[in-house]
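With the hints as extra help, turn the sequences into a complete structure.
2 protein chains.
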Amino acid sequence: MSTRGADPGVLLTDLYQLTMLQAYFDRSMHETAVFELFVRRLPQNRNFLVAAGLEQALDYLCALRFTERDIEDARRTGLFGDEFLAWLARLKFTGDVEALPEGTVFFADEPVLRVTAPLAEAQLVESRLVNIVHFQTLIASKAARCVLAAPGKTLVDFGMRRAHGADAALHAARASYLAGFTGTSTVSAQPEFGIPIFGTMAHSFIQAHASELEAFAHFVESQRGPIVLLIDTYDTVKAAERVVEIARRLRGKTIDSVRLDSGDLAVLSREVRRIFDAEGLRDIRIFASGGLDEHSVRALVAGGAPIDGFGIGTALDVSDDCPALDCVYKLQAYAGKARRKRSTGKATWPGRKQVFRLYAHDGRFERDVLTVEGDPQRGEPLLEPVMKTGARLAAPTLADARAHAAAQLAKLPDPLRSLERAGAYTVQVADALTALTARVDEEFK
Amino acid sequence: MSTRGADPGVLLTDLYQLTMLQAYFDRSMHETAVFELFVRRLPQNRNFLVAAGLEQALDYLCALRFTERDIEDARRTGLFGDEFLAWLARLKFTGDVEALPEGTVFFADEPVLRVTAPLAEAQLVESRLVNIVHFQTLIASKAARCVLAAPGKTLVDFGMRRAHGADAALHAARASYLAGFTGTSTVSAQPEFGIPIFGTMAHSFIQAHASELEAFAHFVESQRGPIVLLIDTYDTVKAAERVVEIARRLRGKTIDSVRLDSGDLAVLSREVRRIFDAEGLRDIRIFASGGLDEHSVRALVAGGAPIDGFGIGTALDVSDDCPALDCVYKLQAYAGKARRKRSTGKATWPGRKQVFRLYAHDGRFERDVLTVEGDPQRGEPLLEPVMKTGARLAAPTLADARAHAAAQLAKLPDPLRSLERAGAYTVQVADALTALTARVDEEFK
Chain A
1 MSTRGADPGV LLTDLYQLTM LQAYFDRSMH ETAVFELFVR RLPQNRNFLV
51 AAGLEQALDY LCALRFTERD IEDARRTGLF GDEFLAWLAR LKFTGDVEAL
101 PEGTVFFADE PVLRVTAPLA EAQLVESRLV NIVHFQTLIA SKAARCVLAA
151 PGKTLVDFGM RRAHGADAAL HAARASYLAG FTGTSTVSAQ PEFGIPIFGT
201 MAHSFIQAHA SELEAFAHFV ESQRGPIVLL IDTYDTVKAA ERVVEIARRL
251 RGKTIDSVRL DSGDLAVLSR EVRRIFDAEG LRDIRIFASG GLDEHSVRAL
301 VAGGAPIDGF GIGTALDVSD DCPALDCVYK LQAYAGKARR KRSTGKATWP
351 GRKQVFRLYA HDGRFERDVL TVEGDPQRGE PLLEPVMKTG ARLAAPTLAD
401 ARAHAAAQLA KLPDPLRSLE RAGAYTVQVA DALTALTARV DEEFK
Chain B
1 MSTRGADPGV LLTDLYQLTM LQAYFDRSMH ETAVFELFVR RLPQNRNFLV
51 AAGLEQALDY LCALRFTERD IEDARRTGLF GDEFLAWLAR LKFTGDVEAL
101 PEGTVFFADE PVLRVTAPLA EAQLVESRLV NIVHFQTLIA SKAARCVLAA
151 PGKTLVDFGM RRAHGADAAL HAARASYLAG FTGTSTVSAQ PEFGIPIFGT
201 MAHSFIQAHA SELEAFAHFV ESQRGPIVLL IDTYDTVKAA ERVVEIARRL
251 RGKTIDSVRL DSGDLAVLSR EVRRIFDAEG LRDIRIFASG GLDEHSVRAL
301 VAGGAPIDGF GIGTALDVSD DCPALDCVYK LQAYAGKARR KRSTGKATWP
351 GRKQVFRLYA HDGRFERDVL TVEGDPQRGE PLLEPVMKTG ARLAAPTLAD
401 ARAHAAAQLA KLPDPLRSLE RAGAYTVQVA DALTALTARV DEEFK
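Quick note, the sequences are listed as chains A and B, same order. Going by my numbering, the first sequence opens with residue 1, and the numbers climb by one from there. Going by my numbering, the second sequence opens with residue 1, and the numbers climb by one from there.
Simulated from the structure, these hints should not be mistaken for lab results. Warning: the hint list may mix true and false statements.
Because identical chains share one entry, a pair is satisfied inside a single copy or across any pair of copies.
[Said to hold, decoys possible] Subject to a maximum C-alpha distance of 20 Å in a straight line, what follows is the list of computed SDA-like cross-link-like pairs (lysine to any residue):
1) Lys346 with Val440
2) Lys253 with Leu79
3) Lys411 with Thr426
4) Lys337 with Glu214
5) Lys388 with Arg224
Written out as structure tokens, the structure reads:
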């Protein structure tokens, strides 16, 4: 259970959840509801998405309680009756959840998570469940593109400072690691999630010393972990020569890498590599950062730049080319009857659903079939039970989820591995689901 | 002091802050450092920015401590020595801070906040200070565009679910309110910040009932606050007629508004207005939502759509057209000497600075002058002391900051009020600053 990703409380929700609950309570509408969380459309610049955030979503459901203070805050709005508030104070989440395992590749309209619970419980959790799953899925999907762009390279999340707040910073580290990053610069991600952490030095360190050479020497002397020297503060090539000077006099310690953070990284990395190699310093690695994203990393890798690792910051942590997904949580059944929303441009498929994945002979994904639960279909069913009557079932570790994500990326058909828009992957809607939809539309007019 | 916006702990930082601190400790580099936080370049689609997040930044500095658990977590990385960790355990923030008051309009290169403190303290806080101030400034700047696009309209933050995590959701509500929004749907923003909260109903509420009419009647009966009915679940025009039916039989209660969430809002709002007006229901207001941003809101307002208020969600809470600013925190002086970074494309102006704002005859902003502190210039100095030797000075309330933001927006020159890119506002670099820069470059080569 997360501790530093501190609990923002059950009132971190939309007001309408509580006003609807008051209405459900007033009329004892406590029959079972089924909600599914999914993404309505893939963004233009994503060929697939990677499910993430389930672990924190289940933490949230397990811990869901109105504290005395929450009840008092709700009372003070003047919007709720006393009996209702007394009932809220006893509310727990007692439902079932099925979900895609974290790290699973998925597509539009496919349920990522399903909640089956008494109506009020299932409704209340909408806003925060979307808030949790949307963000980590967004970042894991962006990170997977970086991983595909730089096979075999060290990739480190550098985005903490420009992530949207504390929670985003910590969970961007988790989601990117899950998707295949090597680690993060965010310190708390290590105690919280066991994620490897990486550090270098800032320009201010160089600037606080009388000279760059003195700064390097001082840093090398004080460090107990891998030594990474930042060499672009004044003049990158001169700084590389200073690194050689330092490396020559070193006894018992080695310089792990240098970091380039500005300028033409393709040109500078070659010059620096040449300087080091000429001095026999072949083991000093070159690490690059500074406004990088999957496109610039791919260009550097494709151009053969001798860069061993990349720090990816802002572009990753805010998913800069696509900072939100059309991620929703919709009522699919109530009191045993399938339901759906028909609003213009926002219609959804009704009922409890399952996704089956079919594989080609080479083991790659071939197509998916979206159908109603129980419809016998060939292929691998993707949704699995993860919570039963409010209790979590055995959960994969973050390492398991990371391995699963890697296996999923390995099974992507080649066109989907491209950073450019590929033809859409086929998600076939089964006849059983089309038939159910027609029946529901007949019933609710 | 914020309580629900829970403290993520001092280890929510970049690892290099701690490894640099170890080096500073080893060599007793504890002289005074000056860092300034600023935005290097305005994004293409922003004519100005609105400072926000100072309150939470100062909360962070006041509360800054390494707990026993933080020290233990740091020790376990194996990167730090015992004496250093013992010193960290006693560390507090003892510095001075000057800043732009929240709600102040500012431009590229102008300091938003300055920290003057012993080097280790001033360095350590970099990552989290940027994380806090960057996000709220990002959202306040986006929200200000919405406010300019819809003068006199009710504007409500609806973005909690797609904000990047819990912290972003809560602070997007604060930053948008500060910039002129009427309120938010995020419940916890009320107890936390006193922000007005607004609720409607979800499509699932309609769907959970046997008919839309029954759902409306039930909701009206149960609500104690303003009643807002969502009318686009099945057929918006038919639903408006059902609202009329309900309104006719109401005794002692009134329907405050209806919400349109899909379809052609310009057309539907007119049809719905006509239906209500024909029945004498002129007081029922029309509220619109569904994928709105400042551009679609401006188009609806300019086209004369009879819409009284707008819920703006995802586009606001993730600042979708610009999800990050080039916001940095740079060393400007150490041990009494001005310093600067000269990296290609990332050079900064050295030294302690002040911004002076000059006004035209009509009271609008005319131009700014960026100079070294103490340089006598005409105009209004914008940076003010907000913290002295670790203690906060009297702070404006959120209501004060909101009033200040409104006054600032009223003083924007017309070209900057456009949603389109205007010619850049003049930020003139004073001779005193140019001269200092030349001296610094001579000294640090």
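Hints and how they fare:
no.: 1; hint: Lys346 with Val440; result: within (16 Å within a copy, 59 Å between copies)
no.: 2; hint: Lys253 with Leu79; result: between (66 Å within a copy, 14 Å between copies)
no.: 3; hint: Lys411 with Thr426; result: within (15 Å within a copy, 54 Å between copies)
no.: 4; hint: Lys337 with Glu214; result: between (74 Å within a copy, 17 Å between copies)
no.: 5; hint: Lys388 with Arg224; result: neither (47 Å within a copy, 35 Å between copies)
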